[in-house]
Amino acid sequence: MVDPSHKGRVYPPFSYTVERNKLREFLLAIDDDDPAYQTDDPPLPPTFPTVFTFWGGMNPEAYLRELGVEFVNVLHGEQEYEYLAPIHIGDTVTGQTRIADIYAKGELEFIELLTEYTNQHGTPVLRDRATIIVRH
Amino acid sequence: MPVYFEDVKVGSELPPLTKGPITDIQLVRYAGAGGDFNPIHTVPHMAQSVGLDGIIAHGLLIMAFAGQMLTRWAGAGSIRRFKARFSGMTRPGETVICRGQITNKLEEGNEALVQGRFTVKGTDDSLKLKGEFAVALPKKTG
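Just so you know, the protein sequences line up as chains A and B, in that order.
Read in order, the letters of the first sequence are residues 1 to 136 in our numbering.
Read in order, the letters of the second sequence are residues 1001 to 1142 in our numbering.
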């Protein structure tokens, strides 16, 4: 059982600078050849922000271990993105994650992580809500 | 040709998108690109050790396919909100079909928004994920 007193926990901020080659690598991985991404100032694919999380140093694996949860025992339950402003190649986004909720339903436990991102000008650009399911 | 707000009807379907078959190498590639190295997605014996019948695709890879359906229709960069609930596991070898439907139109601030819901299913009709979206579309009248 994950200790519900961890609800509200705030993690240190982390940053990620958006690079064109990472975008290219991501597009290859999701098999998306839309020419809109080949322009000088391309938009980002809607699920690209997962790169901010995992390559920006948020480190969900370590966070989960602190809660007593092993990474191999979790599944992604829900994901929501709210896109507040465009993010461009070369922008540096800074995210801060907090545990928005911890609850159980039957034998499964749920951890909701809310990460809010701003760009290098301090403008809010993205809100990311991820629900992690813990299997036992 | 852009899709205009005025031309979108509530209840209409988006052009569906079929993706796959998903391969083991695609999951390795996605793990590297996205940065989620949870071994249940790439290492068969680790997936089996936690009771899964082999490796499973990242839920966010399947969500990315739904995102492609949306951006091909509305234009990359037009999405304002994108939410998915991961309902079923997807395994290498599977092909998935993304479908969407318009549920609402509204104008908010200076944007013309179209809201809808979507599903991604296997060819056996098993539900992989379902969710909701909002996209901002251009207006003919400016």
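A couple of the hints might just be wrong.
Straight line, CA to CA, 27 Å or less: simulated DSS-like cross-link-like pairs of lysine-lysine [stated by the list, open to error]:
| id | chain 1 | residue 1 | chain 2 | residue 2 |
| --- | --- | --- | --- | --- |
| 1 | A | LYS22 | B | LYS1105 |
| 2 | B | LYS1009 | A | LYS105 |
| 3 | B | LYS1083 | A | LYS105 |
| 4 | B | LYS1083 | B | LYS1139 |
| 5 | B | LYS1121 | B | LYS1140 |
| 6 | B | LYS1105 | B | LYS1009 |
| 7 | A | LYS7 | B | LYS1140 |
| 8 | B | LYS1121 | B | LYS1009 |
| 9 | A | LYS105 | B | LYS1121 |
| 10 | B | LYS1139 | B | LYS1105 |
| 11 | B | LYS1009 | B | LYS1140 |
Covered by chain B, according to a simulated footprint, are these stretches of chain A (three or more residues, beta-carbon under 8 Å) [stated by the list, open to error]:
| id | region |
| --- | --- |
| 12 | 19-29 |
| 13 | 60-73 |
| 14 | 77-89 |
Bear in mind the hints are in silico, worked out from the structure with no lab data behind them.
Computed from a predicted structure; not experimentally measured.
Built from N, CA and C at the ideal position, the CB exists for glycine as well.
For which of the previously enumerated hints does the structure constitute a violation, in increasing order of number?
-> 1, 2, 5, 7
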